[in-house]
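**Student:** Note that the protein sequences, when read in sequence, are chains A and B.
Heads up, the first sequence is in the numbering used here, so the first residue is 1 and it goes up one at a time.
Heads up, the second sequence is in the numbering used here, so the first residue is 1001 and it goes up one at a time.
FYI, nobody ran anything at the bench for these hints, they're computed from the structure.
Watch out, some of these pointers could steer you wrong.
[Unchecked claim] Derived, one-sided and incomplete: chain B residues facing chain A with beta-carbon distance under 8 Å: (1) Pro1033; (2) Lys1043; (3) Ser1044; (4) Leu1048; (5) Ile1123.
Ideal Cβ placement from N, Cα and C applies to all residues, glycine included.
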Amino acid sequence: MPDLYIFKAQVGMFDPVALQDQNVAIHFGEKVYYRKVDFLEAIPPFQCIDLGALAALTPSGKINITNLEMADNEFGLFRWYPIDDAQIRFYHPAGVAKYQLRNLQVPVDMNILFRDPNLVSTEIAVWQNNHPAAEAVNGHAFGLGGVRIVTLGFRFHTQDLAKGKAVNDALVAALKSGKEPCTHVWCSGRPIGD
Amino acid sequence: MLLANKEGIVVTGPVVNMLAATAANAVVVFSVPVLANQLVGVKSVKVLKVHLFNNAGGNTWIFLGSGIAGVGIPVLMPAFTSMNNLEDVYDNLPEVESFANITAWPAALAALGTIDIQLEVAIIG
């Protein structure tokens, strides 16, 4: 849709990437799923995980964020920020580094709240049960009692246009060729060099 | 939950008990995050608030400096008054930024007296 797209910046809550009966192309790894949204709702800000207490100058292990898993046929659109002063390295899905540059995996810390108040740059989409993971690093000379992450976003239920009750081969062909509009949603990171 | 504002991330340091006077006995009261295990980031700190409690240390002054403890530590800002057996809290301080650990020391101390100090700082970077 022309005015609904990923990484949209605005004041306050962000927009959903698709509305009722609109089409999406869900990218997961090398796969693309053409689907139609038949339900959506907002997810208010909530604490999706506490990565746990962290001793001074210590990194945590990588911890799966299973609370961000979605049900079958659903994808979630999330933005997030930490509420404790650790740097967070994000993985999505759990085996793929997110925010990856050639020489650096960019971490996120509490500064994101005033450097990117809309949290645009943290936006991720989660396809079904392909959960992200995160690890935290405490740079302080004192321990942290917890490293908590708050997430907000949208939940989308979709129908498969390639098979099943909502199958529509002509529409899928039109979406693939670009004759009909759809929003592309990337539900995974991608390893560099891939 | 800690606070994030345009000044940086606000955190508090530990309560440190100062047992001895003069710069030669300066103690670290806030350590700049060194990010030894992190990928990026050089951090600095601005002192926002100083909380003192004088435990029979006598009327004296407290200095804040930077660098390792010892003689000749650069003083970050003018001294803070600490009155015998009283609590003193200072804020609205000059936005002095330090890339080194913050140290503190009393100008003098009464025999067997000590002074507790705690800082609130903004982490920049």
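**Student:** If a hint holds in the structure, say so; if it doesn't, say that too.
**Tutor:** Results for each hint:
1. Pro1033: At about 4 Å, which falls below the 8 Å cut-off, the nearest Cβ of chain A leaves the hint on Pro1033 of chain B intact, so it holds.
2. Lys1043: holds, 7 Å
3. Ser1044: Since the shortest Cβ distance to chain A is 13 Å, the answer is violated.
4. Leu1048: With Cβ-Cβ at 15 Å, over 8 Å, it is violated.
5. Ile1123: It holds, given that the least Cβ distance between Ile1123 of chain B and chain A is near 7 Å, below 8 Å.
When held up to the earlier numbered hints, the structure conflicts with 3 and 4 and fits the remainder.
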